[in-house]
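Residue numbers (the working numbering), protein chains in the order written: chain L, 1 to 238; chain B, 1 to 226.
Honestly, the hints are just simulated from the structure, not real lab data.
Where a beta carbon is used, it is the ideal one built from N, C-alpha and C, also for glycine.
DMTMM-like cross-link-like pairs, simulated, lysine to aspartate or glutamate; straight-line CA separation at most 20 Å: (1) B:Lys57 x L:Asp69; (2) B:Lys138 x L:Glu70; (3) B:Lys138 x B:Asp54; (4) B:Lys57 x B:Asp146; (5) L:Lys125 x L:Glu94; (6) B:Lys57 x B:Asp46; (7) L:Lys159 x L:Asp69; (8) B:Lys57 x L:Glu70; (9) B:Lys138 x L:Asp69; (10) B:Lys127 x B:Asp139; (11) L:Lys185 x L:Asp59; (12) B:Lys105 x B:Asp75; (13) B:Lys57 x L:Asp59; (14) L:Lys106 x B:Asp94; (15) L:Lys159 x L:Glu70; (16) L:Lys111 x L:Glu99; (17) L:Lys25 x B:Glu16; (18) L:Lys159 x L:Glu81; (19) B:Lys138 x B:Asp121; (20) L:Lys185 x L:Asp48; (21) B:Lys127 x L:Asp140; (22) L:Lys125 x L:Asp149; (23) B:Lys57 x B:Asp139; (24) L:Lys125 x L:Glu99; (25) L:Lys106 x L:Glu94; (26) L:Lys104 x L:Glu94; (27) B:Lys138 x B:Asp75; (28) L:Lys125 x B:Asp94; (29) L:Lys184 x L:Asp48; (30) L:Lys111 x B:Asp94.
Far from chain B, by Cβ distances over 12 Å, these chain L residues were calculated: (31) Ser147; (32) Gly150; (33) Leu158; (34) Ser174; (35) Leu215; (36) Leu230.
Here is what each chain is made of, one letter per residue.
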Amino acid sequence: MEPQPRLEQPKPSKEPKPADQERWKNLVLILTVVATVSAALVAALQVDAGLRANQASRDAQLCAIQLADELQQRGLRSNYELTRLATITQDRLEANVLELTALKLKDKNDKPGAANATLQAQAAKARAAKGQATSLLYTDPRYAPASADGQPNVAQYLKDAQAQEQTLRQQQTSTIDAYSRWSKKANAYVGVWVVLAVALFLLGLAQGVAPRLRLLFAVVGVLAVGAASLWTLTTLLF
Amino acid sequence: MSAAPPNTARGPARLEVLIAVGLALVSITAGLIAWRNSTLSAAQSDVTRQGLRDVLKQEEAASAEWRQTYQEAADAQSYDTYAAGVGVLAASTDPAAQTQADQLKQFLLPALAQLSPLATDAAYRNKDGSLNLEQRFKDLQASHPDLAQLAPQAAFNLGDAYASEQRWLSLAVVLLVVTLFWLILAQVSGRRVRAVMLVISGIFYLISLGGFGLVELIAFILRARG
Numbered sequence: 001m002e003p004q005p006r007l008e009q010p011k012p013s014k015e016p017k018p019a020d021q022e023r024w025k026n027l028v029l030i031l032t033v034v035a036t037v038s039a040a041l042v043a044a045l046q047v048d049a050g051l052r053a054n055q056a057s058r059d060a061q062l063c064a065i066q067l068a069d070e071l072q073q074r075g076l077r078s079n080y081e082l083t084r085l086a087t088i089t090q091d092r093l094e095a096n097v098l099e100l101t102a103l104k105l106k107d108k109n110d111k112p113g114a115a116n117a118t119l120q121a122q123a124a125k126a127r128a129a130k131g132q133a134t135s136l137l138y139t140d141p142r143y144a145p146a147s148a149d150g151q152p153n154v155a156q157y158l159k160d161a162q163a164q165e166q167t168l169r170q171q172q173t174s175t176i177d178a179y180s181r182w183s184k185k186a187n188a189y190v191g192v193w194v195v196l197a198v199a200l201f202l203l204g205l206a207q208g209v210a211p212r213l214r215l216l217f218a219v220v221g222v223l224a225v226g227a228a229s230l231w232t233l234t235t236l237l238f
Numbered sequence: 001m002s003a004a005p006p007n008t009a010r011g012p013a014r015l016e017v018l019i020a021v022g023l024a025l026v027s028i029t030a031g032l033i034a035w036r037n038s039t040l041s042a043a044q045s046d047v048t049r050q051g052l053r054d055v056l057k058q059e060e061a062a063s064a065e066w067r068q069t070y071q072e073a074a075d076a077q078s079y080d081t082y083a084a085g086v087g088v089l090a091a092s093t094d095p096a097a098q099t100q101a102d103q104l105k106q107f108l109l110p111a112l113a114q115l116s117p118l119a120t121d122a123a124y125r126n127k128d129g130s131l132n133l134e135q136r137f138k139d140l141q142a143s144h145p146d147l148a149q150l151a152p153q154a155a156f157n158l159g160d161a162y163a164s165e166q167r168w169l170s171l172a173v174v175l176l177v178v179t180l181f182w183l184i185l186a187q188v189s190g191r192r193v194r195a196v197m198l199v200i201s202g203i204f205y206l207i208s209l210g211g212f213g214l215v216e217l218i219a220f221i222l223r224a225r226g
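Here chain L stands alone, though its shape is the one from the complex (with noise of 0.2 Å):
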C-alpha cells in the first residue's frame, strides 16, 4: 500500500485576527468615559471653590473699606476729645496761673489788679469746668480722673478707640486667609484637570494603538485618574 500523502497542518499566521485588534477597546472606552466623569465633578468642586473664594475677596474688600472709614472717624473722634482735653488743661493752667497772679498783685498792694486777675481766673475757671461738664474724657468712669485735679486716662481712651479696628482688621485677616484657601483649593483643582486632560489623552490614543500599546496607555491613563484623584481628596480634606 502506498503511503497516502500527509496534508500539511497550516502554519499559524503572524497577522492579528480583528477580534484581538479590538482587545481591550470596551475597557479603554469605559475608562474614558469614568475620567470624562471625574473631570465634570473636579469642574464642579472648582466651580464652588471659585465662588466661595469670589465671596471672600468681596468681604476682604468690604472690611477694607470699613476699615479705612474707622481709621478715618477715629481720627476725627480722637483728635476732637484730645483737642477738647488741651483747651481745658490750658483754661485750668491759667486759672492757676491768674490766681498765683492776683496773689501777687494783693502783696504788692494792688488791688484792682489783684481783682482783675481773680476774675480772669474765675473766667478761665468756669470755661475749664464747662468743658469738663461735657468732655467724654471727664465724665466717663472709665477715663475721669480719679481726683479733681488729676488727669483722665487718655491712654485707656485711645485703647478703647482703637477696639473697632481691631475686631474689623481681624476679620479683614480671616476674610482674605479664607480668599487664599479657596482660591489655592481653585487653583488645584485646575492642576487636577490638566491631569484628568493627559488621562483622558492617553486613554483616547489608546484606543488607536496595537492592543499591546493599547494596554501600557489605559494603565498609564489610569494611574492620572488615580493621581488626580488622590489630588481632588487632599485638595478637598486640607
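Given the coordinates of chain L, assemble chain B onto it according to the supplied hints.
Just chain B, lined up with the frame of chain L:
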C-alpha cells in the same frame, strides 16, 4: 418589491438611533446649562461690583458727614466755653468786666453761634448739656435721601443667590455627564443590556433636566420675593 428586514435587526438599529438622539440632547442641554452658568457668573460679578460701589459711596458720604459733625461740635464747644467765661464776667461787680461781657455777648457769641447749629439748637443737646452728635449725624444723613436708598447688602445677597444657583447648576452638569456615561455604556454593551442602560441614562437625564428646572424656578421665586 424588496423584502422587509427581519424584526431582530430593526430593534438594535432603533436603539442606536435613540442613543444618538440621547447624546445630542445631553450635549445640547449641557451647553444650555453652561450658558446659563456663564450669565449667572456675569450677573454675580455685576451686582458685587455695584454693591462695593454703593458701599464706597455711602462710606465716603458718612466720612464727610462725620467730619462736618465734629467740626460743628468743636465750634459749639468754643461757644459753650466762651459763654461760660462771659457769664462770670457778667456776674461780677466790676463795671469794666460787665461792659466787656456785654460786648462779648453782643458781638462774639452770636458770631460763634453762627458757626454751628449745635451751639444753640436744643435738639442737639442731651439732658446733661453735652452735645448729641449722633442726632446731628442722622440729620446730615437724612439730607441725602439718594444715598440712603442705596442697598449694598441687598446687592451682596443677590450675588450670593447667583453663586448658590451656579453651584446647583454645576451639579446638574455632573448629572448630565453621568447620563453621558450610561449612554456610552449602552452604545458599547451587548444587545441584551443596551435597552436597560438606555433607560438608566434616560432617568439620569430626566433628573438633571428636572433639577435644572427646579433650581431655576426656586431661584426665580426667591428673587421675586427679594
